[in-house]
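Chain W: place on chain X using the hints.
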Amino acid sequence: MDDFLAARLQMAFSLGFHIVFACIGMVMPFFMSLAHFYWLKTKNVVYRDVTKAWSKGVAIFFATGAVSGTVLSFELGLLWPRFMEHAGPIFGMPFSLEGTAFFIEAIALGFYLYGWNRINPWFHWATGVVVGISGLLSGILVVAANAWMNSPAGFDYIDGQYLNVDPIKAMFNDAWFSQALHMTVAAFVSTGFAVAGVHALMILRGRNVAFHSKAFKIAAVFGTIAACLQPISGDISAKDVAKRQPAKLAAMEAHFHTERNAPLIIGGIPDTAGKKVDYAVKIPGLLSFMATGDFNGEVKGLDSVPREDQPPIAVTHYAFQIMVGLGMAMVGLAIVYFIALWKKKKWLSSNWLLKLFVMATPMGFIALEAGWTVTEVGRQPWIIHGIMRTADAVTPMPGIAYSFYLFTAVYISLAVIVSLLLYRQITMVGKLYDSSTEVPKN
Amino acid sequence: MIYVVIIFLWTAILLYILLGGADFGAGIIELFTSKGNKDRTRKTMYEAIGPIWEANHMWLIIAIVILFVGFPKIYTTVSVYLHIPLVCMLLGIIARGTAFVFRNYDAVEDDMQKLYTPIFVYSSLITPFFLGIIAASAVSGRIDLLANDFLSAYVFSWLNWFSIAVGIFTVSICGFLATIFIIGQTDNESDRKYFTGKARRTIFIVMGCGALVFLAAYLEQIPLFNWIFGDTPGLIAIIAASISLVLMFFILERNKPIMLRLLAGFQVSMILFAATYSHFPDIVMLKNGTNLSLLIHQGQAKTIDSLAYALLIGSIFILPALFYLIYVFTKRKEVPSDH
Chain X
293 MDDFLAARLQ MAFSLGFHIV FACIGMVMPF FMSLAHFYWL KTKNVVYRDV
343 TKAWSKGVAI FFATGAVSGT VLSFELGLLW PRFMEHAGPI FGMPFSLEGT
393 AFFIEAIALG FYLYGWNRIN PWFHWATGVV VGISGLLSGI LVVAANAWMN
443 SPAGFDYIDG QYLNVDPIKA MFNDAWFSQA LHMTVAAFVS TGFAVAGVHA
493 LMILRGRNVA FHSKAFKIAA VFGTIAACLQ PISGDISAKD VAKRQPAKLA
543 AMEAHFHTER NAPLIIGGIP DTAGKKVDYA VKIPGLLSFM ATGDFNGEVK
593 GLDSVPREDQ PPIAVTHYAF QIMVGLGMAM VGLAIVYFIA LWKKKKWLSS
643 NWLLKLFVMA TPMGFIALEA GWTVTEVGRQ PWIIHGIMRT ADAVTPMPGI
693 AYSFYLFTAV YISLAVIVSL LLYRQITMVG KLYDSSTEVP KN
Chain W
3 MIYVVIIFLW TAILLYILLG GADFGAGIIE LFTSKGNKDR TRKTMYEAIG
53 PIWEANHMWL IIAIVILFVG FPKIYTTVSV YLHIPLVCML LGIIARGTAF
103 VFRNYDAVED DMQKLYTPIF VYSSLITPFF LGIIAASAVS GRIDLLANDF
153 LSAYVFSWLN WFSIAVGIFT VSICGFLATI FIIGQTDNES DRKYFTGKAR
203 RTIFIVMGCG ALVFLAAYLE QIPLFNWIFG DTPGLIAIIA ASISLVLMFF
253 ILERNKPIML RLLAGFQVSM ILFAATYSHF PDIVMLKNGT NLSLLIHQGQ
303 AKTIDSLAYA LLIGSIFILP ALFYLIYVFT KRKEVPSDH
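Respectively, the protein sequence lines represent chains X and W. Every position in the first sequence, counted from 1, becomes a number in the working numbering once 292 is added. Every position in the second sequence, counted from 1, becomes a number in the working numbering once 2 is added.
Hints are not guaranteed to be accurate.
[Claimed, not checked] Each computed EDC-like pair below joins lysine to aspartate or glutamate, with the alpha-carbon atoms no more than 16 Å apart:
#1 W/K289 <-> W/D146
#2 W/K304 <-> X/D448
#3 X/K344 <-> W/D108
#4 X/K461 <-> X/D448
[Stated by the list, open to error] Where chain X lies over chain W, by a calculated footprint (3+ residues, C-beta under 8 Å):
#5 107 to 121
#6 305 to 316
Just so you know, the hints here were simulated from the structure itself, not pulled from any lab data. Computed from a predicted structure; not experimentally measured. Virtual Cβ for every residue (Gly too), placed ideally from N, Cα, C.
Isolated chain X (complex conformation) (with noise of 0.2 Å):
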């Protein structure tokens, strides 16, 4: 494998496996407060316990999350030298952000997850909602210096060199806001699903049921109204991403010729070579109404770009389709559940609302890795857009390719045996941690 395509590939992996811990990571902590919130309230047992169960899944994501990001800031280095020895001092100020962030996210989480019996409880309590908020912070400023990669600012590029470096502004770059608000909301998506999804599964299965609805219920309330603010944020994106990277927007369009009155491009296959997209189905002008706000604004096509300077079509094309349709997806469970809670009560009871949601427990992460390849590959070829080649921030280094082998293998193993654990915290949850069921807790 060569060496540069190994990089990318470990690159993509080690980001791949993280964003599911880190999006865990700082959601979870919600749920977990608002469960505990109800017990300190109602003294309702099982709230209590739902929010033990949940508080051991947090600690096994966060720690997960913990070492993965602290492989990724040597990685930043390990893989891309080149651009680390530019990007560091512009895009640093987040990170040095992030670090403080992080490291009261730890402390708050031994406060939380040793603090049961020992500390104040309404402290206690306050310590889960600061790892929450704390968890979300770091993962706005992560997006923030991310973001900096797609609209680079804060410097002057003179002749090579990057002068009058000012890393405030850098921060603040024109593309932070738009992707932090869409990550946010992902990561409550994706996480509301997948965990109301287990709990639908271990109700319909007649397991502890009084426990898992309390805990599908603060899980699908949280996804379903995330789901529906999602596309709100994703026009923001758009017309953001039409702006500032129309090459971006033309790959995730398959958007080949600059037009008016540009056509929504549903499906379909690119044809690279013949520059159509075959077996799609076109809604006449709405692109150019998502991108600019007008029917007959003018979208720039790929041929606006030079051909080494396009992002590969078909991969960013098809993650793109892939994050709204099952977006969609999920907006429509979401619409469903509210007319269940609001109108139909006995929907709520029924198992095939339940079943629905057993179906969609992966689609928001699914729809969120598709998110995260759009955004990095649709940037491609640059890691600096407009300004450095991702080929040219490579490390020297030969043999990379055995480096990608190890940390795949180790990625690997690492979500098998997080798989195993949840599975057991899951399948255990009668014995330790409902205490209404007849087995004596431990």
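Only chain W this time, still in chain X's reference frame:
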């Protein structure tokens, strides 16, 4: 402002060695504990490090972020030429961090523990070993920017007796810190006696490994002797470290855990001080005789200023919270009511 950043970098490295080191040491001494005593060692250790262990490892992230933001040339040079030991250390960090959680959060206690425990103890050993190798390689002048074959560029940059000896020394320091820490974590007289005996043995091991470092430096023709004894502050630091070691020997018998911990912390910080002072501000020595300096290879002024402010503001949040966490969980007081 550059000095603020440098002080934070040094302190983050020191705290990682002290706190993260004691953490790694927990796994190391579990490895070197006889079967009959494994359980009590493991249990006391878990109670002691459980709540704090995640935070202990954050110091490494702080140090690495300071390096890549403030001193990118140093970060990238080390990343390229010490790629292999860095990857080994990272694998250790992954294995150690996850195995710790897996073995304590697996809902079913069964044969899987036989998988987690060796991963935990061996990764606790290899992580500080490679950390020591990396630190030693940075100063041993073997990084060759002009090398044109794989072995001399990416392997002999770190593979030499001096680096290996420092790796072993780092491991021994971690074990030493953990044994000193654990003494204060037990109320039980027989356990205390057992751990005190262990601490005495690790002190000898640390001294032995220290001698090994000097021997290896002599073999590799690294002027370690001059670095450490060549100037007054370094010499004073080493004398202070030796005195604190002797003091610890006397205090070991008396039940004074806090005093012991302070002396151990003081001793390790003096060793780090002596090891870094004589090169300062250089932290990476290259084969061609030039060095990478914290003062010359720093980022632009605005970067350094904002980094310094970020660290200062961060420490206002982190330090009190961290002290409170350590305070709450080391006083070991149970509130009986269930909330």
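Enumerate the violated hints, using their earlier numbering and listing them in ascending order.
none
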